[in-house]
Every structure is written in C-alpha cells, then in structure tokens.
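Chains A and B are the protein sequences, given in the same order. Be aware that the first sequence starts at 2, since it is given in my numbering, and climbs by one per residue. Be aware that the second sequence starts at 2, since it is given in my numbering, and climbs by one per residue.
If you are wondering where the hints come from, they were derived from the structure by calculation, not from laboratory data. Hints may be right or wrong, so weigh each one.
Pairs involving identical chains hold if they fit within one copy or between any two copies, as the list cannot separate such chains.
[Said to hold, decoys possible] List of simulated lysine to aspartate or glutamate pairs, EDC-like, C-alpha gap at most 20 Å:
| # | residue 1 | residue 2 |
| --- | --- | --- |
| 1 | LYS220 | ASP231 |
| 2 | LYS179 | ASP206 |
| 3 | LYS220 | ASP257 |
| 4 | LYS133 | GLU147 |
| 5 | LYS238 | ASP137 |
| 6 | LYS162 | GLU134 |
| 7 | LYS238 | ASP69 |
| 8 | LYS140 | GLU52 |
| 9 | LYS39 | GLU100 |
| 10 | LYS274 | GLU51 |
2 protein chains.
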Amino acid sequence: MERIEGYSSQPNSSFTPGSPIYGYGVAKVLDSGHPDLKAGDLVWGTTYWEEYSRIPAPEGLIKIHHTDVPLSYYTGILGMPGLTAYVGFYEICSPKKGEHVFISAAAGAVGQLVGQFAKLMGCYVVGSAGSKEKVDLLKNKLGFDEAFNYKEEADLNASFKRYFPEGIDIYFENVGGKMLDAVLLNMRAHGRIAACGMISQYNLDHAEGVTNLMHLVYKRIRLHGFSVSDHYHLHPKFMQFMLPYIRQGKIVYVEDIVEGLESGPRALVGLFKGLNFGKQVVDISA
Amino acid sequence: MERIEGYSSQPNSSFTPGSPIYGYGVAKVLDSGHPDLKAGDLVWGTTYWEEYSRIPAPEGLIKIHHTDVPLSYYTGILGMPGLTAYVGFYEICSPKKGEHVFISAAAGAVGQLVGQFAKLMGCYVVGSAGSKEKVDLLKNKLGFDEAFNYKEEADLNASFKRYFPEGIDIYFENVGGKMLDAVLLNMRAHGRIAACGMISQYNLDHAEGVTNLMHLVYKRIRLHGFSVSDHYHLHPKFMQFMLPYIRQGKIVYVEDIVEGLESGPRALVGLFKGLNFGKQVVDISA
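Extracted from the complex, chain A is given alone in its bound form (with noise of 0.2 Å):
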C-alpha cells in the first residue's frame, strides 16, 4: 500500500468516463509496505487521476532508475507508449532496411517513435496527422520523409498513389476506418499491418466499414493486432536500446504538457479532436 505523487498521463485507449479513472503516471512513493518499494522511489505505470492515491497492488509498477531524462519521458517515450512503439515496430512490423512504411497519427506518443525507429533502419517513411503543425512537426523535426494532413485529403487514395507509387509495405495502424480501407489498396504483396489502435472508430455508434479486406489474401497481407500489454518482458531490453538514443539527440520527443489535474477532462477530449501536440501530458505536481 503506498501513497503516490506526480504525473499522470492519458488514460489508456479503452477509458470511458465513469469507469475507475485509471491512467499512466509517473509517481513518487511517499510510504510503503511494499518490500520491493521505499519512500522516495520514482515509479511509473497504472495510478491514479488524483495527487495522492493507494495503491493496493504496486507490483505492477517500474521503478524509475535513471533520472537524467525528464520524469515525464516515463508517461512517454521510456514508458508504455515507447515501449508500444518498439514492439510494435520491431516485434509486430518485422521490418527490413528500404522499406515502405506509412504510419497514421503519426504526431502522437507512438508514431513519433515508430517513424524514428523507421528512420533509423532506413526506411521511407510517411506519416499523416491531423493539421499543419503536425505536418510540419513531422517532416521539419522528426525527420519524416514526407507527411501530410488527412483532413486535407479529399481522396486518401490518390494520396496513397502519390507518397507512395510503389506501394506500402508496412503500416502502422492507429487510425482505422477509411484510412486502412485507403491503405489495403495501396499494401504491396507481403506488406505487415500492425494494428495498435483505430481512435476514428472509438466514439462512433457504428463503426465505419471497412471494405478492401480482399486484398489481405491477394497480397498476403499480415494484420495483427497487439498490445503492449503482452510484452512488458521486454522493457529493460528496450531501456537499454532507447536511452543511448535519447541521450545523444538521435531521438527526439515532443511532448503536449497541460498543468494541474483539473485540466486533464479538456486535454482528454482533445486527444479524440486532435488537439494534443505530441504525446498528452497531465502535470498534477507542479
């Protein structure tokens, strides 16, 4: 049992309001009766929207080793959507050096990453997201090949025709809906889709359907679905692999950073609206 302070990011994809308001933070412990944890340890993983909180299970927390990084960086890019980020590029996406690779909300906690990721294996990398900032952010920052802005698009298709004339081999899914109907047409043969989340679909009260599945079997197309949750195993490989980059510049991260608990409601809903800039951070210790 410990009582907890600090970070709180946005709750994982499958919040609703009125269910326990769970999310992943970065913490400090203040008291324990845990073994393994003593007052004074920095923890991140699932706590609270709250500044104080119980914590009646706390083995499921990491505790936070390296400190010359921002405490946030554990909401983020050293946390559960960096570690969704290297699964799922490394694990899921099976990728090879020169490939094709699209990735949708590509201005987010996790396809800032992939993109890099991408960058580094020497891929061709595209991303979209949702307004100019974000383009902007992703070509002129992240080092993205070229990005675009969907609302923009008035045809996804042609837009796939033009970024990429030779087709896509890898996607990576955070998007759903007419984006990977747009998508499927354009994978080439032996393409990879990892699915990490469709957010077009969440809030809709019927989803969108999706009608180019054909082309799963013409092209042999691999769809998989994943979840971070499966693969916690590997975060200190991934530690080892990501704070090299991190401390030497070669990964950048581009955090939305709002103060004090109460603005977490309006930062929650601006992540459906697009309005985040980078990975949504709610800062309850400030």
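Guided by the hints, dock chain B onto chain A, whose structure is given.
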C-alpha cells in the same frame, strides 16, 4: 512445349470470364521438348480448360509419381487445395492441441481438409456450409464436432455464442463479409485468422463493410492473408505427410466430378451458388 490431355479443375479464385482460361488440372504428356518431361508422364499444375493443350513453360508443372490414389486427387487433396489447407493450417494458423477452430465453406476442397487436420491435432472443430447435405457430410463423414447451415442462421453472432461459448482460437476464413464480422466478435485473445479466400465478396459490386476490426486490437489477433503460390517448396514435405493418411483412410476426401468440358461453365457458376458437393472437378478425358 507439351501437348497434354486430362482433368481440369476449377480455375483459381482470380478467374474472371474473358481472361485466359487457366485451371488447375491433371494431364498426360503426349509429346515434350523439355528434358524433364517425356510422353506418358502424368503431371498436375496450371493447365487450360481444353482437351489438348500446348504448355509453353512446363517448368511449373509437377510430375505425378504416385498413381495408387485417384488421379483427380492431384487437382485437390494432393494438389493446390491440399497444399493450401496444409500451409494455411499448419504454417499460418499456428495451431495448438485442444484449440477451438472454426472453418467457413467447410465442405469445400480446402475446408474439409483443414477440419480433418484440426481433428487430427485434437482440436474442437466447427464448420459452416450452405446446405443440409453439406452439414451432414461435415458431421457424419468428415468428423467435425459440429456444423451449421449459415443460410438458416438468422444471427451469426448468436450461432457462434452457441457453438463457441468460450470463443474461437482459430478461424480459417474462406468467406469474408458478414461471417468475418461475426467471427471477430467471438474470437479469443491471441486468436489467429488465416484468410484463404472471401468467396462471398468476389461477385459483389461493393464489398460488405467489416465493422468489428477493433477486436483485432482488443484481442491481439493475427489476421493473415496467404496464397499457396508462396509455398510450393513445401509440396514434397506435404506429400510425405498426406499420402499415408489417404492410404490408411484416416483422411477422407469428397469430390464432385462432372463429365465433359461442356459441363465446366455450369460447374464454375455453381461454385458461387454453393451447388458443388466437395471439391468441384471437371473430367474432360472421360
């Protein structure tokens, strides 16, 4: 350059009227300029819908060495559909003993074999088909645990809840559309779907939209389109596996053989109406 005569099975799924009339057939070589083939050899592979053919590139044909089984089997259980079932089940589905397996179009050339492979592995196996006769075949002759006529099910989701109260681990997909949508609701975590075909969608002007793809993420499902054309190197291993089961009568195979090339078009159209009973074969040498 060979002149060959013999069986011709249905063409593959990408056949459209007006295109070159290829099919998977069994044939006897009448004359050959190729060093690996001589008059009298029996072969199977891509042939044409005609009684005598010139095959300009016979390298793709596979020589028949075992004639103690019906020659028509090389259009089916020992040929392309058999290898499709073998690859699709053992390579794509990653099956484990005791898993719960659903097969659509289960009385077809591929489905009936997948079901028997799954039973050999100790799985619980349910198939769908489009007539009472086919359902009886699946349950009484092919050893499926359960089978149902999808045309008599008003609510496929309810059907799956009935046949798979604990959910589906493996779906061998031959149908697409509404069937896939209902299956997705009933898959278990870490399930696998081998997409072999989507016959319900081929002749629609607009494919049915599949709306439950978010379950791929929720349940971390792998949906993998495949084509036997990528796996012909496994055919020798497949023959070693398959022939003993056939000779010992441990795997049963049902064919629907019509006589004469003139019966071909009607048999082809019948496939899309589900009129065939087992693997559709056209015997053009009778």
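Status of GLU51 relative to LYS274 across identical chains (alpha carbons, at most 20 Å): For LYS274 and GLU51, neither the intra-copy (24 Å) nor the inter-copy (60 Å) Cα distance is at most 20 Å.
Intra- versus inter-subunit Cα pairing at 20 Å for LYS140 with GLU52: Cα proximity of LYS140 and GLU52: none, with 37 Å in one copy and 61 Å across.
Status of ASP231 relative to LYS220 across identical chains (alpha carbons, at most 20 Å): between (28 Å within a copy, 11 Å between copies)
Copy assignment of LYS162 with GLU134, given that the CA separation must stay at most 20 Å: neither (23 Å within a copy, 47 Å between copies)
Within, between, both or neither: LYS133, GLU147 at alpha-carbon 20 Å: Close inside one copy (13 Å), not across copies (55 Å); limit 20 Å.
Up to 20 Å CA-CA - ASP257 versus LYS220, copy category: neither (39 Å within a copy, 30 Å between copies)
Within, between, both or neither: LYS238, ASP69 at alpha-carbon 20 Å: So LYS238 and ASP69 pass the 20 Å test inside one copy only (19 Å; across, 56 Å).
Up to 20 Å CA-CA - GLU100 versus LYS39, copy category: Neither, since 47 Å and 44 Å both go past 20 Å.
Status of ASP137 relative to LYS238 across identical chains (alpha carbons, at most 20 Å): This pair counts as neither: shortest intra-copy Cα distance 32 Å, inter-copy 53 Å.
Homomeric proximity label, LYS179 with ASP206: Cα distance no greater than 20 Å: both (16 Å within a copy, 18 Å between copies)
Taken one by one, the earlier hints fail for this structure at numbers 3, 5, 6, 8, 9, 10, listed in ascending order.
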